[in-house]
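Student: With these hints in hand, go ahead and build the complete structure from the sequences.
Chain order of the listed sequences is F and U.
Under the working numbering, the residue at position 210 of the first sequence is numbered 210, and the numbers go up by one with no gaps.
Under the working numbering, the residue at position 18 of the second sequence is numbered 18, and the numbers go up by one with no gaps.
Treat the hints with care, since some could be wrong.
[Unchecked claim] Interface residues of chain U toward chain F, partial, derived using beta-carbon atoms under 7 Å: (1) T27; (2) D44; (3) V45; (4) L46.
Keep in mind that the hints were calculated from the coordinates and are not lab data.
Here the structure is a predicted model, which is why all the values come from computation and not from measurement.
Don't be surprised by glycine CBs; every beta carbon is placed ideally from N, CA and C.
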Amino acid sequence: MNFWIIAYFMGWIIEVEAISMLIPMFISIALHESDVWPWFLIIILVLAPLGFILTRKRFRRGNFYVREGYAATGLGWILLSAIGALPFFLSGRIPNYVDALFETASGFTTTGSSVLSDIEALGKGLLFWRSFTHWLGGMGVLVLILAILPMNGGYHMQLMKAESPGPSVSKLVPRVMDTAKTLYLIYIALTVTMILLYRISGMPLFDAACIGFGTAGTGGFGVRNSGMADYSRASQILITIFMYLFGVNFNFYYLLIRRKFRDAFKMEEVRVYVGIILVNIIIVTLVIWRFNYREEGLLYSLHHAAFTIGSLMSTTGFATVDFDTWPEIGRLMMVLLMFTGACAGSTGGGFKVSRLMLLFKEARKEMHMLIHPQSVRPIKQEGKVVEHSVLRSASNYLTIYLMVFIAAFVLISIEGHDFITNFTAVAATLNNIGPGLSMVGATQNFGFFSVGSKLVLTFCMLAGRLELLPMLMLLYPKTWTKHY
Amino acid sequence: MNIIIIGCGKIGLALAKDLNNEGHKVTLIDKNESVLQKAATSLDVLGVGGNGAMIGVLNEAGLDSCDILIAVTGSDEVNMLCCLLAKRVRDIQTIARIRNPEYEDEIHYLQEQIGISMVINPERMVAHEIIRLLRFPSATEIESFGKGMVDMIHLRLPGNSPLCNTALKDMSRTIPAPVLISMIERNNEVIIPSGSTKLLENDEISFIARPSDAVRFCKICKLEYAPAKNAFVIGGGRIASYLGRYNKNSKTKCQFKVIENNPERANTLAENFDDFTVICGDGASKQLLIEEGVEHSDAFISITGFDEQNVMMGLMAHNLSDARIIAKVNRVDPEDVENVIPFASIVSPKSVTADSVVRYVRALESSKDSDFESLYKLAGGRAEAMEFTVNNDPDIVNIPFSRLSLKPNVLVAAIIRGSRIISPGGSDCMMEGDSVVVISTQKGMNDLHDMMQ
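Tutor: As structure tokens, this is what we get:
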């Protein structure tokens with residue numbers, strides 16, 4: 001393990017975080033939140049020189065291989081959350097550091113689970129910072145660094161692989177730097193368009209920006225205690241549309257930019273994603289229309305079903321209605337959608353549509369092989385044969401995923417809350433959704449958990465965002481040996 | 001520039017690595033996806049699986065924004081087809097590897113008809129390099145500038161040479177030949193020397209001189225200078241064929257004794273090249289080598305298809321004779337092994353080819369103010385020697401060197417003006433039409449402007 005280069009990347013992460021804290025600081029200053037902005041200033045003044053020292057050339061030494069890439073990603077995200085939590089804690093608006101850490105990790109990992117019951121009490125500066133972490137975490141801080149920092153060789157692609165979701169991360173253009181730039185340009189363009197549209201639909205600018213960051217990163221932090229319910233119908237419809245859009249594989253947008261419309265609409269994953277959405281919307285609309293919203297009407301049911309499904313499938317976690325009050329079948333489908341997650345290569349979390357497709361195709365092949373034991377049947381996705389290694393890692397991902405899930409589930413069950421609360425709390429954090437059911441439902445929060453459980457759930461969020469391996473690797477002793 | 005490379009073999013990978021380091025955007029095409037995967041983990045390139053001779057695959061690899069297409073698959077014919085197709089779709093630069101000696105006579109016709117901008121033939125280039133090394137036995141490497149007007153010669157300074165412990169400024173007193181020491185490699189360190197630099201035993205020195213002056217220089221410095229008169233060649237593959245071809249046309253002939261294991265191949269060689277002595281047998285057999293008189297040979301060239309054999313046979317021949325050893329190594333980079341086998345010259349088809357393509361690409365990129373003529377990598381790629389033709393650029397032309405501010409680690413080693421060679425001092429200046437040889441440890445220079453501060 002080459003610690004120099006890891007320190008070097010930590011330096012860049014610190015630098016990026018220090019710079020991003022400038023905006024919330026200015027908001028705080030403008031609003032005279034005199035107990036908040038000095039802390040932002042102090043943190044920036046400490047971080048910026050530290051990052052500056054670590055990003056000097058003397059740290060950029062030695063070689064950079066796969067394991068350094070994964071370790072840098074895992075450690076980087078922990079550092080990111082640990083530092084990001086400081087403004088909340090130091091300003092005293094979240095008095096407990098573990099609570100602040102949970103809140104920040106939830107922000108960066110685009111989960112959106114909160115420990116706060118009164119979020120408006122944070123003040124606008126901190127609220128902005130909380131939402132901005134969603135935006136940074138959505139596309140990834142390391143991807144941002146790769147877009148800025150010229151590097152030689154190809155090993156830094158590992159950083160992107162470790163940070164970007166999906167079973168096989170591919171580049172759009174030959175160079176990592178250009179790929180990262182392209183991704184961020186698409187991301188910024190979509191975000192700006194969205195914020196403008198939100199503003200036009202009647203949201204105040206501050207809300208539009210914060211909700212915009214939350215939608216773009218598929219995070220889920222709001223800025224009002226009432227969640228999304230206060231906003232106009234038009235705003236809610238816009239939010240719904242953009243939640244779906246940010247759950248789409250960004251390759252789709254790249255193909256659109258390159259005017260390869262046919263290729264774009266041929267993307268198998270996007271088609272399946274749309275398919276799952278449509279089927280779910282139809283079923284859930286009918287169910288909740290029949291049982292919950294008889295008086296409000298079919299259109300009302302459709303609106304909220306579409307919003308909630310978009311919110312859960314893209315793993316955003318906004319809520320307009322409390323879906324915990326829906327009938328059992330509706331709640332179950334929501335929980336299943338939490339696991340499905342968005343497309344690979346999007347900002348969403350969860351298990352990813354393309355990975356599920358691979359597993360489904362493998363299961364079908366297994367049955368086919370029973371009928372024709374000698375048959376040769378390669379598994380194809382997006383018109384191409386899937387390599388054995390990709391299939392293997394998809395299957396293993398499921399195994400590891402279950403192991404992490406069960407471990408976390410057992411650990412938080414010690415505390416003694418009910419089964420559904422614990423189950424959906426782990427599901428909501430590991431899949432980076434936000435709200436669960438029962439005590440962690442859309443109108444509740446995670447504040448009641450003990451410190452230990454909060455740390456376990458924080459780990460779940462980070463592991464879920466980075467697709468398990470970068471976080472688990474940190475626990476594997478051989479990662480840290482100097483040689484071999 | 002956007003570059004597509006078809007064929008992800010040894011040469012394809014070496015090209016991808018070098019061009020990538022030069023800052024180009026490289027896309028690799030190969031049928032074998034796992035090779036691409038491996039390439040994409042260590043290099044910053046994009047891999048596209050499929051047949052590079054299909055328009056669909058080329059389009060997927062970004063033919064619409066491509067500047068240069070390089071076809072280096074195992075088959076000459078496929079390479080030509082790739083270039084032909086790509087050229088029909090878009091007017092781009094195409095480079096193809098064509099190495100079958102049978103095409104050699106018609107290569108210019110083929111090149112014109114198919115529209116290939118550059119033909120690369122690693123085996124021929126290696127043969128050329130071997131011939132050059134044979135002409136100058138004490139050199140480890142020779143590069144030529146100014147269309148052969150001057151050579152840059154690298155050699156290791158032996159202890160008995162009068163040059164040892166002499167400062168460069170005192171050299172002209174002892175040695176009358178106009179020779180310019182332009183680079184010294186000492187303990188893996190590259191030194192661009194000044195007048196006060198002293199030469200030491202075992203330094204790897206590089207000097208620039210006219211070929212005739214170089215011979216005189218070596219005479220004075222007690223270095224071997226006579227060209228090899230006879231040489232053993234182990235392995236009768238393509239390189240041997242090209243050696244035969246060059247030898248046929250060259251003035252100073254060398255007697256080649258070719259040892260080839262395969263009777264059929266040996267037969268073909270004997271049929272085609274009358275001046276070869278072809279022996280069908282195992283080149284690794286000590287007895288055979290002694291019987292054939294390896295002790296009296298001037299050079300021993302091992303160019304079989306296996307790196308390990310080439311090196312091992314070279315070691316054995318070194319034990320048996322004083323012959324100059326030349327071994328072909330293709331799988332590892334020569335700079336990684338050169339220093340452990342100091343008595344042998346390593347030739348590598350892979351590096352020779354990659355260098356020549358990099359040279360071509362740089363020439364395409366260079367501005368109009370100065371034309372990029374040639375590029376050689378020195379000291380295992382840590383320094384570069386480049387040749388530029390000076391055009392009419394007011395920032396450079398007719399300004400004495402004392403008033404030009406050059407970057408550190410850049411040396412203008414020689415100016416070739418007409419038939420004169422000038423070793424530039426502070427009052428000299430570059431003029432339009434001059435050829436300038438520049439040595440630099442800083443990489444990626446495309447024109448003379450890049451060396452200015």
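Student: All hints are to be evaluated individually against the structure, with a verdict given for each.
Tutor: Okay, the hints, checked on the actual structure:
About 5 Å separates the beta-carbon of U/T27 from the nearest beta-carbon of chain F, less than 7 Å, and the hint is met. For the restraint placing U/D44 at the interface with chain F, the shortest Cβ-Cβ distance is roughly 4 Å, inside the 7 Å limit, so the hint holds. Look at U/V45: its Cβ gets to within about 5 Å of chain F, closer than 7 Å, so that hint holds up. Taking 7 Å as the C-beta contact cut-off toward chain F, the hint placing U/L46 at the interface holds, the least distance being around 4 Å.
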